[in-house]
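Spelled out, the chains give:
6 protein chains.
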Amino acid sequence: MADTTYDILSIGAHPDDIEVGTGGVLIDQVKRGRKCGIVILTQGEMGTGGTAEIRKHELHAAAKVIGADIVKTFDWGDTRLEDSYDKRLALATVIRQTRPRIILAPYPHIGHGRRQSHPDHVAAGVIAVNAANLASLRKVQIEGERHLVTRIFHYFLPPGVYPHFVVDISDHFEQWIAALSAHESQFLNPEKSRDYIDSLTTMAKSFGNMARCRYGQGFVSVEPIQVKDILCLVEGQEGYR
Amino acid sequence: MADTTYDILSIGAHPDDIEVGTGGVLIDQVKRGRKCGIVILTQGEMGTGGTAEIRKHELHAAAKVIGADIVKTFDWGDTRLEDSYDKRLALATVIRQTRPRIILAPYPHIGHGRRQSHPDHVAAGVIAVNAANLASLRKVQIEGERHLVTRIFHYFLPPGVYPHFVVDISDHFEQWIAALSAHESQFLNPEKSRDYIDSLTTMAKSFGNMARCRYGQGFVSVEPIQVKDILCLVEGQEGYR
Amino acid sequence: MADTTYDILSIGAHPDDIEVGTGGVLIDQVKRGRKCGIVILTQGEMGTGGTAEIRKHELHAAAKVIGADIVKTFDWGDTRLEDSYDKRLALATVIRQTRPRIILAPYPHIGHGRRQSHPDHVAAGVIAVNAANLASLRKVQIEGERHLVTRIFHYFLPPGVYPHFVVDISDHFEQWIAALSAHESQFLNPEKSRDYIDSLTTMAKSFGNMARCRYGQGFVSVEPIQVKDILCLVEGQEGYR
Amino acid sequence: MADTTYDILSIGAHPDDIEVGTGGVLIDQVKRGRKCGIVILTQGEMGTGGTAEIRKHELHAAAKVIGADIVKTFDWGDTRLEDSYDKRLALATVIRQTRPRIILAPYPHIGHGRRQSHPDHVAAGVIAVNAANLASLRKVQIEGERHLVTRIFHYFLPPGVYPHFVVDISDHFEQWIAALSAHESQFLNPEKSRDYIDSLTTMAKSFGNMARCRYGQGFVSVEPIQVKDILCLVEGQEGYR
Amino acid sequence: MADTTYDILSIGAHPDDIEVGTGGVLIDQVKRGRKCGIVILTQGEMGTGGTAEIRKHELHAAAKVIGADIVKTFDWGDTRLEDSYDKRLALATVIRQTRPRIILAPYPHIGHGRRQSHPDHVAAGVIAVNAANLASLRKVQIEGERHLVTRIFHYFLPPGVYPHFVVDISDHFEQWIAALSAHESQFLNPEKSRDYIDSLTTMAKSFGNMARCRYGQGFVSVEPIQVKDILCLVEGQEGYR
Amino acid sequence: MADTTYDILSIGAHPDDIEVGTGGVLIDQVKRGRKCGIVILTQGEMGTGGTAEIRKHELHAAAKVIGADIVKTFDWGDTRLEDSYDKRLALATVIRQTRPRIILAPYPHIGHGRRQSHPDHVAAGVIAVNAANLASLRKVQIEGERHLVTRIFHYFLPPGVYPHFVVDISDHFEQWIAALSAHESQFLNPEKSRDYIDSLTTMAKSFGNMARCRYGQGFVSVEPIQVKDILCLVEGQEGYR
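Residue numbers (the working numbering), protein chains in the order written: chain A, 30 to 270; chain X, 30 to 270; chain H, 30 to 270; chain W, 30 to 270; chain Z, 30 to 270; chain L, 30 to 270.
Worth flagging that the hints you see were computed from the coordinates, not collected in a lab. Treat the hints with care, as some may be off.
No copy labels: a pair is met if it fits in one copy or bridges any two.
Each computed PhoX-like pair below joins lysine-lysine, with the alpha-carbon atoms no more than 20 Å apart [as the list claims (entries may be wrong)]:
#, residue 1, residue 2
1, Lys257, Lys64
2, Lys257, Lys60
3, Lys168, Lys85
4, Lys168, Lys221
5, Lys93, Lys64
6, Lys101, Lys85
7, Lys116, Lys168
8, Lys93, Lys60
9, Lys101, Lys64
10, Lys101, Lys116
Just chain A, with the same shape it has in the complex (with noise of 0.2 Å):
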C-alpha cells in the first residue's frame, strides 16, 4: 500500500465493531468527501455467529456501505488480544502509511465482560494509543516517515463513562444500519435470541437523545477538545425544548 492521507482511522477488535462504535460518522465523512479507513485486529473467529471466512466477506460488504477502505486486517486472536510491543510497532507502520488525522479507537480501560469492554476491546484500545505514540517517534525501527496524529477519540464506553461529544448521524441512520446487516452472522442471525438491531438502535437513539439530535454516536476525548470557532459546536442545531 503507498502511503496515502487519510483523515479518519477507525480501529476495531473485531470485524464488525468499527460499524457499531464508528459507523454512522465515517458515512457522514465520505458522504463530505473525506477519506477514511478500516484497521481490524483480529478476524472475530470466536464469535458465536459466522466464521473467519464468513466475517470477512461481512466486513467487505459494510464497509462497501459505509464507503470506507479496509486498510490492513490483522489475524491476532479474537478473545486473546494483548497489547505487545510487536502489535504496536505493526499498527503504528499502518498509521504512517495512512497517516491520519483522527483515529477512533476503543475506549481503553477494562469494566465488565459486556461489549462496551470486551476484553478485546480494551487491548485494541490500549494497542491503538501505544501505536500512535510509536508512529511519531523518529527513531522507532519501522517504516514510514514519523505521523502526527492529531486527536484519539474513544468509542465503546463503558457503564458510568459518558460521552464528551456526540456525532449527530440522524442523516446516515438507514445506511448505517444497512452496513450493520451486512454482518448477517451477528445481527441478523436466527440463532441468536436477541434483536440485536433494534438494542443498536436504542444505543443510537440514547446518545442522541443526550446531545438532542435523533440519532449519534457518542466518544470520550480524554484531553479537552480543541475548538477554532465555537460556533461550529452549534452549528445546524435549533435550540432546545
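Assemble the complex: chain A is given as a structure, and chains X, H, W, Z and L must be docked to it using the hints.
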C-alpha cells in the same frame, strides 16, 4: 432596543468577568463577522479598585476593544447577587430580545470564595440558566417572542472542574490583553500588589496547554457537545508531540 | 386525610413529572399490592400546552391508570418553585400523614434548563430532602407523629449523572405509555412538533439497556444501597450476553 | 467435579481474601440455603505469616465456618499473579462447572500497594472478568456448556472508590470473625504487631455506617444494578435518624 | 471583643457540630499552643434532646474540654438556617475580629437529610464560604480591617465524598470522647436508642483506616493543598503494611 | 551500594522525567538537608534528540544541579517498558537499599500517548507501585531487609486528573530551569520546533495558580494524606485574594 439576533451572549456578574472568561472567544467571533453581546448583572461597586462610574467607563472601553455590544447592564448589587424570579424574568427578556444561539455564563456551583467561584459568579450562572429556561416558555409574561438558546457553556471553572473544550485564542492574545488592560482599576492598579496580567496570561496558557494551543479559554458543557462534522474538532490543528 | 402508611411517595414539581420519572415503578408496585402516593408541588400552569384545570384532570386520569393516590397537590407556582421553610413544613406534614418507606424525588442539583434539571425540578428535590428531614424531628411544630423515611431515591438525572439502579418496567410498558398519554396536553399535543412518546420510550429503553432489561427507570441513591439478600439484585434476571 | 449450579462464586487471590471481602455475605447466603463456592488463585505462600500448607488448612477451616465449598484452588504464584489467556481459560472452565449467578471478585484497577489494591488482587479481578466473558462464548475450546453469569460485583475497593451497595452482615458478625480467625497465621499471629481483627471490624462498621446497618460488606457494580421490586432495597430496614 | 489572631476558626450550625467534625483537631492544636475559636450559628433548639439553654451549657463544657474559645454564638434558627447577605456580613465581622488562618466549616453541597448533609450544615458551609469572601473586601461596610483567610477546609462529608486529608487524632481520642460526652443531651441521652459514641468512634476509626492512623478526622480542600516541605506529609508516620 | 536511608526516591522512565515532574521538589528537599535519590528505568534511547550516551551525561549534569544521587539506572527499553515480575524484584531491591520514606512515581493509568501518559510512564508507575509492595514482604527472595515506604505520590498527571497537593517551588525556579536545561538534547535542541522551557514553565505556573503560589509541582495521592499538624498545610502562606 429592537430585537436582534446575536450569535453569542456573554453574561457576567461584574464589569470585567466576561473579558477574563470569554474575551478571547468574543474577539475571535467578532473577527469572523459574528454578532456578540455582553450583559453585566452588577456594577462591580465593591471591587477593591474603581467605582461604579469608573468601571462603567472601563467596561465600555473593553467592549470597544473586543468589538462586542453591551446589550444590558443591571444593578443587582455587587457581592450580594442572588437568584430570584424577578431577575430571571428581567434577564429572560434580554435573551428574547437578543436571541442568542450560545450563552456563555459562569459555572453555577459553589466552591471557594476566590475568583472562579465568587458567590456573585455562582449566582450569575444560576440566574443565566434559569432565565434561558423562562425565555423559552410561551406563557411567561414578558415581552418578546419565545426563544430557545441552542447551548449554554460555562466559564470560571472552580478547582477540580476540568474544561470539556478549549477555544484557541492564540491569534487574539494581544487584543485580549488590551481588552483586559482597559479594566485599569482592576488589573493595572498600582495599589494592588498582585500581577494580574501575568496571572491571567498563565490561565490562558494553562488552558492552551491542556488542549495543545498557545493560549486558550476553557468551558464546560453540561450536556455532551453535539457535532455535525467531526473534522471540525481538529480543524486547523497540527498533530501532537 | 387520616394518617395512612404508604410504601412509596412520589413527589413531582408538575402534574406529569412523576409519570415520566417514576410511573413504571409505581405501576409495578401497585400490581404487587403496595400503596403508592403522589404529591405535586405546582399546578403546571406555565406549560406550553394545557391549563391548570386541564392538567388537573390529566393528572387524575394518569393516577387512575397507575393505581396510585394523589395525596396532595400544592399550588406553589410553576417556573417559580423555590425551597422555603414554610414549604418544607407543609410537605413534612404530608410525609407524616403518609408515612412512606421510600420517597422518590427529582435530583436536587442544578444542570442546564432542560427537562432533567428544570429549576422547578431542582427545587422540588431540595424541598423533598429537607421536608423528609423535618418530618423526623420531634420538636417541629407540625401535625402528626415524627416519621423516618427509610430511603430517598432521585429521578430526573441531569446529563453526566449515571443511575445507581434501574427498575425493570418491561412488563408495565404499555400501561406506562397509557399513563403518559393521559397527559394529552403535554405529550399528544398536535401543536407541539416533538414526538414526546417516542422520546420517553427511548429514555426507558436507554435505562433498560444500561441494566439489561427492555425498559427501565433509573435512580440515584446518594447513600450506598443497603441490601439484606444479595440475590435480590439478580432476581428474575438471566445471564448477560 | 460434576457440573453444579452455584448461586455465588467468590474468587480471591489468596486464601484469606474471600473471607475478608465477602465472608459475611457468604455466611448470610448459606443460612438462606444458597449454594456458595470459593476459588483461590494462589496458595498465599509469600504471606509474612504461614506457609502454603498451613494456609490451605486455614482456608478449609474458614470455609467450614462459612459453609461454602472450596471448588478450586490454583497455584498461580503469590505476588506474581498475572492475567493470561491460559488462566482465563482455566477459570472459565470452573465457571462453566459451577454455573454461578453472581461472581464476587476483587476490584480490577490498580491503586497503591496495600491490601485493597495488592497487585495480585488487581490481577485476580481482571482474570475473573475476562474468564466470565470466555465462559459465555460457545466456540471457546474448554469443557462444559457455555454459561452466562448474571452479575459480577467487586470487593476490595481501593481508596476513593465508594461502594454502590452494602450487604448487611450484622446478624453474622460473630461467625464472620470466627471465619477470619481460622486464618490464624494471618490475623492472630503474635509476630505481627497490628491488630487485624480490630482493623477488619472497623472496615465492617465503616461500610455499615455508610448504609445504616451495624456491620456491612461493600461492593461496586460497574453496571447499574437492575431491580425488579424497588421495595427490596428497603427490606427489613428502619427509617433513618 | 478586641481583635485577636486565631490560628483556626471552626464554624458549626449546632452546638455539637464542631466537636463531632473538628474536635480532635482543635484539641491537637490547643496542645501545640495554637489559638482556636468556635462559632455556632444556631442554638440547636430543635434537637430531639436538650433545649437551647441546656445545649449552651453543654457547648461551654465541651469547649472547656477542648481548650478553645467560643468566640460567637448566633441564634439564626435551628432547622431553618439559610444563607443571606446579612448573615454573611455578621459572620464576616467575626472573621475580621478573629483573623483566622484556617476556617473549618461543613461541606456546602446538599445530599440527603442525615447528619452529614443536614440542611443547616449545608447552609452553614455556604455562609462560611461567602463570609470569608466578604471579610477580604475593603469596601464592605463592616467593622474591622479586611482579612484574608488562608484556607477553608470542609468537614461533614456526605456519602460519596472522599476526604483529601485526614488529621491523626489518635493521641487525643479520649479527650475527644470527653468533649463529645459533654453534649450529654445529644450523645448520652437514655431516651435515644442509638449508641452515638460508638457510631462517632467508628467514624474516627474509618477516617483513620483510610489514612493509616488509629483515629482521624477527614476534610475536603476544594483547592489543591499547598505544601512547602513535602516531608511534612509523612511526618511521624511509619511505613505501611 | 551499601544500604542507606533516603528521604525521597524519585523514579522515572526516561533520563529527564524526574526533573520535569519532581525536580523542584528534590531541589527544595536537598536544600533542607534531605537525602534524595533518582532511579531511571530506561536509557531514553528512542528520544527524538540525544542518544543513550548523551542522555546519560545530561542526567548526571541535571542530578548535580539538583543535588540528588543517581542511585540506579536500568536499561529496560525506551518505548517498550513493561511491568514484569523480574523488574518489580529488581526495583524492590533498590527500594530496600535506599529505604525511602516517600516514593515519587508517574501516574499509573493510561490516557493518551502524550508526555503525561506516555506508555513508558504508565509502566514506570505500575512497576514502582508493585515494587514497593514486594519490598515490604519478608519472604520475597531479594537482598536487603524488608522496607515499608510510607507514601507513594504520583506525578505526570494525565488530562482530567487534578492534583491533590502542589509543592511550592517558587524559591527554586531558576535552579529547576537549570536542571531542565542540562537536558540539552531534549529541551534546548534547535532541531525541535517547540519551546519546551516555555511549556514547562507554564506547567509550573499552572500548578502554582491552582494552589496559590508562583511555581509549583502537582501530585496525586491515591490514599488520603495523613496530617499530624493541620497548620503545616498553611505554613508560610499568606491569605488568598
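Status of each hint after checking the structure:
Taking CA atoms no more than 20 Å apart as the test, Lys257 paired with Lys64 passes between copies only; the shortest distance there is 17 Å, against 22 Å inside one copy. Taking identical chains as interchangeable, the C-alpha atoms of Lys257 and Lys60 lie at most 20 Å apart only when they sit on different chains, with a minimum of 12 Å there against 23 Å within one chain. Taking the closest pair of Cα atoms, Lys168 and Lys85 come within 20 Å of each other only across two copies (18 Å); inside a single copy the shortest separation is 35 Å, beyond that limit. Taking identical chains as interchangeable, the C-alpha atoms of Lys168 and Lys221 lie at most 20 Å apart only when they sit on different chains, with a minimum of 14 Å there against 49 Å within one chain.
Proximity of Lys93 to Lys64 under the C-alpha cut-off of 20 Å is restricted to the intra-copy arrangement: shortest distance 13 Å within a copy versus 43 Å between copies. For the identical chains of this complex, Lys101 and Lys85 are intra-copy neighbours only, at 12 Å inside a copy versus 40 Å across copies, given an alpha-carbon limit of 20 Å. In this assembly of identical chains, Lys116 and Lys168 lie within 20 Å of each other by CA distance solely inside one copy; the values are 17 Å within and 25 Å between copies. Proximity of Lys93 to Lys60 under the C-alpha cut-off of 20 Å is restricted to the intra-copy arrangement: shortest distance 13 Å within a copy versus 42 Å between copies.
Proximity of Lys101 to Lys64 under the C-alpha cut-off of 20 Å is restricted to the intra-copy arrangement: shortest distance 15 Å within a copy versus 47 Å between copies. Proximity of Lys101 and Lys116 under a CA criterion of 20 Å is satisfied intra-copy only: 13 Å inside one chain copy versus 30 Å between copies.
In this structure, none of the earlier numbered hints is contradicted; all agree with it.
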